[in-house]
Amino acid sequence: MAVTGLLLIAFLLMHMFGNLKMFIGEEAFNHYAEWLKGLSEDGGILYPILPAGWFIWIFRVVLLAAVVLHIYSAAKLWRRAEAASPSTYEAKRKLAQTYSARTMRWGGIILAGLLIFHLAQFTVHAALTNGSFASTYQSSAYKMVVGEFSQWWMVLVYAIWMVAVCMHIRHGFWSAFATLGANTSPRAKVILDACAWAIALVLFIGFMMMPVAVLFGWIHF
Amino acid sequence: MNVTLRVWRQANAASEGRMVTYQVQDVSPDMSFLEMLDLLNEDLTVSGEEPVAFDHDCREGICGMCGVVINGTAHGRGNSPVPTTTCQLHMRSFEDGATIDVEPWRAGPFPVIKDLVVDRSAFDRIIQAGGYISVNTGSAPEANAAPVGKLKADRAFDAATCIGCGACVAACPNHSAMLFTSAKITHLAMLPQGQPERKLRIKNMIAQHDEEGFGGCTNIGECVAVCPKEIPFDTISQLNRDLISSLFSRDGK
Amino acid sequence: MATTTKTPPVTTYFTVGAEIADTKAPAGPIESKWATRKFEAKLVNPANRRKLTVIIVGTGLAGGAAAASLGEAGYNVLNFCYQDSPRRAHSIAAQGGINAAKNYRNDNDSTFRLFYDTVKGGDYRARETNVYRLAEVSANIIDQCVAQGVPFAREYGGLLDNRSFGGVQVQRTFYARGQTGQQLLIGAYQALERQVAAGTVKMYARHEMLELIVADDRARGIVTRDMVTGAIESWTADAVVLATGGYGNVFFLSTNAMGCNVTATWRAHRKGAYFGNPCYTQIHPTCIPVHGETQSKLTLMSESLRNDGRIWVPKRAEDCDKDPRQIAEEDRDYYLERIYPAFGNLVPRDIASRQAKNMCDEGRGVGPAVKEFDHDGNERFVRRGVYLDFADAIGRLGKDGVAARYGNLFDMYAQITGENPYETPMRIYPAVHYTMGGLWVDYDLSSNVPGLYVTGEANFSDHGANRLGASALMQGLADGYFVLPNTINDYLAAAPFPKVDADDPAVVEAVSSVRERIDALLAVDGTRTVDSFHKELGHIMWEYCGMERTEEGLKLAISKIDELREEFWRDVKVTGVNDDFNQTLERAGRVADFFELGRLMCVDALHRRESCGGHFRAESQTEDGEALRHDDEYLYVGAWEYAGVGEKPVLHKEPLVYEAIELKQRSYK
Chain R
0 MAVTGLLLIA
10 FLLMHMFGNL
20 KMFIGEEAFN
30 HYAEWLKGLS
40 EDGGILYPIL
50 PAGWFIWIFR
60 VVLLAAVVLH
70 IYSAAKLWRR
80 AEAASPSTYE
90 AKRKLAQTYS
100 ARTMRWGGII
110 LAGLLIFHLA
120 QFTVHAALTN
130 GSFASTYQSS
140 AYKMVVGEFS
150 QWWMVLVYAI
160 WMVAVCMHIR
170 HGFWSAFATL
180 GANTSPRAKV
190 ILDACAWAIA
200 LVLFIGFMMM
210 PVAVLFGWIH
220 F
Chain S
0 MNVTLRVWRQ
10 ANAASEGRMV
20 TYQVQDVSPD
30 MSFLEMLDLL
40 NEDLTVSGEE
50 PVAFDHDCRE
60 GICGMCGVVI
70 NGTAHGRGNS
80 PVPTTTCQLH
90 MRSFEDGATI
100 DVEPWRAGPF
110 PVIKDLVVDR
120 SAFDRIIQAG
130 GYISVNTGSA
140 PEANAAPVGK
150 LKADRAFDAA
160 TCIGCGACVA
170 ACPNHSAMLF
180 TSAKITHLAM
190 LPQGQPERKL
200 RIKNMIAQHD
210 EEGFGGCTNI
220 GECVAVCPKE
230 IPFDTISQLN
240 RDLISSLFSR
250 DGK
Chain G
0 MATTTKTPPV
10 TTYFTVGAEI
20 ADTKAPAGPI
30 ESKWATRKFE
40 AKLVNPANRR
50 KLTVIIVGTG
60 LAGGAAAASL
70 GEAGYNVLNF
80 CYQDSPRRAH
90 SIAAQGGINA
100 AKNYRNDNDS
110 TFRLFYDTVK
120 GGDYRARETN
130 VYRLAEVSAN
140 IIDQCVAQGV
150 PFAREYGGLL
160 DNRSFGGVQV
170 QRTFYARGQT
180 GQQLLIGAYQ
190 ALERQVAAGT
200 VKMYARHEML
210 ELIVADDRAR
220 GIVTRDMVTG
230 AIESWTADAV
240 VLATGGYGNV
250 FFLSTNAMGC
260 NVTATWRAHR
270 KGAYFGNPCY
280 TQIHPTCIPV
290 HGETQSKLTL
300 MSESLRNDGR
310 IWVPKRAEDC
320 DKDPRQIAEE
330 DRDYYLERIY
340 PAFGNLVPRD
350 IASRQAKNMC
360 DEGRGVGPAV
370 KEFDHDGNER
380 FVRRGVYLDF
390 ADAIGRLGKD
400 GVAARYGNLF
410 DMYAQITGEN
420 PYETPMRIYP
430 AVHYTMGGLW
440 VDYDLSSNVP
450 GLYVTGEANF
460 SDHGANRLGA
470 SALMQGLADG
480 YFVLPNTIND
490 YLAAAPFPKV
500 DADDPAVVEA
510 VSSVRERIDA
520 LLAVDGTRTV
530 DSFHKELGHI
540 MWEYCGMERT
550 EEGLKLAISK
560 IDELREEFWR
570 DVKVTGVNDD
580 FNQTLERAGR
590 VADFFELGRL
600 MCVDALHRRE
610 SCGGHFRAES
620 QTEDGEALRH
630 DDEYLYVGAW
640 EYAGVGEKPV
650 LHKEPLVYEA
660 IELKQRSYK
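Chains as they are written, first to last, in numbering that gives the first Met the number 0: chain R, 0 to 220; chain S, 0 to 252; chain G, 0 to 668.
Any given hint might turn out to be false.
[As the list claims (entries may be wrong)] Here are the computed lysine to aspartate or glutamate pairs in the EDC-like style, where the Cα-Cα straight-line distance is at most 20 Å:
no., chain 1, residue 1, chain 2, residue 2
1, G, Lys572, S, Glu48
2, G, Lys370, S, Glu41
3, R, Lys91, S, Asp100
4, R, Lys75, S, Asp42
5, S, Lys149, G, Glu154
6, R, Lys93, S, Asp118
7, S, Lys151, G, Asp561
8, G, Lys572, S, Asp42
9, G, Lys534, S, Asp118
10, G, Lys647, G, Asp561
11, G, Lys201, S, Asp118
12, R, Lys75, S, Glu210
13, G, Lys37, G, Asp21
14, G, Lys534, S, Asp42
15, G, Lys572, S, Glu49
16, G, Lys572, S, Glu41
17, S, Lys149, G, Asp160
18, S, Lys149, G, Asp142
19, S, Lys151, G, Asp142
20, G, Lys534, S, Glu41
Think of the hints as simulated: they come from the structure by calculation, not from any bench. Since this is a predicted model, take the numbers as computed values, not measurements.
Model the full structure from these sequences, guided by the hints.
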């Protein structure tokens, strides 16, 4: 749970950083996208250590494994918790748990659902909502992103998704480090909590900057 | 003052339970919560009804026998200004005329025996799995032979104050007994006497914890919030650190 | 002055039997007795031990330690407790510390000095040989507990810290914050659970012993009630050990746990075991006072509070309900400083306790007025509390200075009373804390019933008429870890004894007597609750058999107890059935035994016409009102033999012989 979670957070940070290339321009962004896939002229990332195009598939397999293992562990924890709770309290009152901690499970399901949509939209191009990749967007990743995010409701959907993701990370980041043994003192908890908030905010702002910029026309065709 | 109680009544483990409402009159604010239940039980007895069963013994907050969920929080922590056991919660923490919900610890590994009484023998079995230092009577070396740095001794002590009441399990949304287990792990891990069995101990205790059907820890912190002895949250991380290092150790395989 | 012609003479309450001549302590100098005994005791071959079964009742320091140690030795141990886990035993509540003659402080301590202090503290009513052995094994206890992981207080160098405790002048007390008992008990509990896992000890929690099985003049087993299902079961063994603690709850209000009771030892007493010095109880001066009639227990605060607090009551009764801060200095009576100028607020426990009671009896007590009954049974309201004032100490040390010394106690007081002791004076009152009396045992900790051993607070042996601070934990662990495992083998060497089956007449008799008693309790179906009887008994005991006793009062108490006991069996209301989790039934059985014990305590107190230890006998005082001991008449242990309900108990005297220590009369003026 902790290891896969942290791996996914690392991926998100990288993904966010890549997205910001949208601000540089179409060429830079598209080059970055092709470089990742090994389609660029120089053979892309990690070429020639790996043959061109291999990296992206290894990367995808690792990420998929992380997601599957993450969900598997979560399901197992959930099942154990259910088995340990034969009945619920008539009166319910929580003293310590945060909204993020309480919503890890259902929140996780919601964000997993939106992840599938996100992949179908931008990776597989099967669920584009404002045109087709080949014709409307002339096979430019940059144009595709701009086209999709120029719809206000799409930005809203992504904002909601990012809230869910970042809340998940708010508890998940601290919890992962606690599980790995890093919560060594009350002070360490304060620091880990602060880091968790920071990462969650950075990811939210970093991911939302670009769609908002598109919506307001600062990034355009 | 007068209070209205809604108390969980359940005849035995096999039967269904339900909340039953009682009025308790002439409650003094200086009474402990359990003395208020005594008062209810005296009334019930005189009227020929069976009194409410609840566990209690020392009534000074150290034996760990008492424990009920009051208004949704273990030991009524939500009503108390300070960490407390049920026996040290006083009626001055409640308003006159208040309605108070009283329920047993609810967790699969703590089956209800009757009313508010649950079976916590799972905790004993976790200790049996390794929560000790193997030393036979008579074979101990001189007490000052192994110095223990004061800070480590203090940390061992902080963890060793656990009274095994089970509030952590009752409050945990996962019904995990990780705080209880980690308190013992940390207590013994901080002391030189605990080192020879350290790796083996954690594997065995965690295995027993899971075997008993407690849930997994997701670091929510509800356990720490209700703990009457303020067992530190970081004991759980201590446990995790030791567990991870034990997985890379041949010791105890 | 107190002898009246109206009441019968003391001798009508008991008869005198044969003296106890031999306590089985070996001959020779006191320093070598224990070594001699260990050498002379018969041994049990390790291979044979698993064929021998020992029943141990109780899981506190004495019982848990014994169960763990005998399990380690290889015996087949059956261990019982009434709580839901062995870790709950009331040893857990001891706060202060544990003495040991380690002399880590290089301050003239030694085994002999610990021995001497303990005998002197017990006001020369303890058996010399047993106490010497206690001091001798005390150092081993600390070694054992440290090896188990007990987190004793340490200094920065990593070595064990000591403090002085209970008025002694050496620093020999080991402690673990204010929770020494808890940490020692958890150590014993862990050792016990290790043996449970190893299969040498079988643990039966929520099982209450209700009868002793004596077959062919040997203790061979017990009858228990499963407190969850109500099942009455018999268990047989080669020997039985009772480690069931003290009986302070006969007073209803005490610092004992709610479940502490006398039933196990009383049932053994009824089966022939002598009860030693039942009237010896320790009353602790600094407890949080009673708030009202619904009070269920009292909480102790460390006596160390008297080091800096000043005790007073208003000079005039009409000031008693005033805010204490409004009472002028000249209207306050610092009575301990007035009566005992040399010792002031640091007079011994019993004096501090007795004077607090006297002030309240005069009508100068403070705090809420609590309902009680006078000698004629009339209802009255009396304020039971005196002030313990830290205003001077706060002025001298500052609030932080006081908080550093007593912060945890102040917090505890604030939590229980809702008052801030930094601003208003604390209220304190004495409460029953420990019972020195218990089943009579010899040097081997064996009762006079062969095969029945008694350890810890349940026996009478080591504390005489008053227990020295920080020695209860020491005695429990000494008995459990080191004494019993080296003496019980002498008896078990002759075992296994002939098997006792479930249809043996002794077992059948024991089981059916338990059933009959339970049926009788359930059949009364009267109108009064068990607690109401228990409280009334407690009032009688506290009033007449508490800190100050008179012949007249004790005789009155005996007749009141007899009446109340009869009323109990006529009018008690026990709800529910046996075959269920039934806490009312549990309490009813315990209270029924408390009546019989309470009566014996009064008879013992009545016959002992001397003031000694914590017990002030009004007819035995010096001209200036201080306790007067009578070594010429009462230098013996009073061991009582049961003769039946309503029959006169038989007194067997065990003369106390002091060879190593000279007898002295104490003085605090």
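Status of each hint after checking the structure:
no., hint, in the structure
1, G:Lys572 <-> S:Glu48, "holds, 11 Å"
2, G:Lys370 <-> S:Glu41, "holds, 18 Å"
3, R:Lys91 <-> S:Asp100, "holds, 10 Å"
4, R:Lys75 <-> S:Asp42, "violated, 48 Å"
5, S:Lys149 <-> G:Glu154, "holds, 6 Å"
6, R:Lys93 <-> S:Asp118, "violated, 24 Å"
7, S:Lys151 <-> G:Asp561, "violated, 57 Å"
8, G:Lys572 <-> S:Asp42, "holds, 12 Å"
9, G:Lys534 <-> S:Asp118, "violated, 30 Å"
10, G:Lys647 <-> G:Asp561, "holds, 13 Å"
11, G:Lys201 <-> S:Asp118, "holds, 18 Å"
12, R:Lys75 <-> S:Glu210, "holds, 14 Å"
13, G:Lys37 <-> G:Asp21, "holds, 18 Å"
14, G:Lys534 <-> S:Asp42, "holds, 16 Å"
15, G:Lys572 <-> S:Glu49, "holds, 11 Å"
16, G:Lys572 <-> S:Glu41, "holds, 10 Å"
17, S:Lys149 <-> G:Asp160, "holds, 10 Å"
18, S:Lys149 <-> G:Asp142, "holds, 18 Å"
19, S:Lys151 <-> G:Asp142, "holds, 19 Å"
20, G:Lys534 <-> S:Glu41, "holds, 13 Å"
In the structure shown, a violation is registered for the earlier hints numbered 4, 6, 7, 9, in ascending order.
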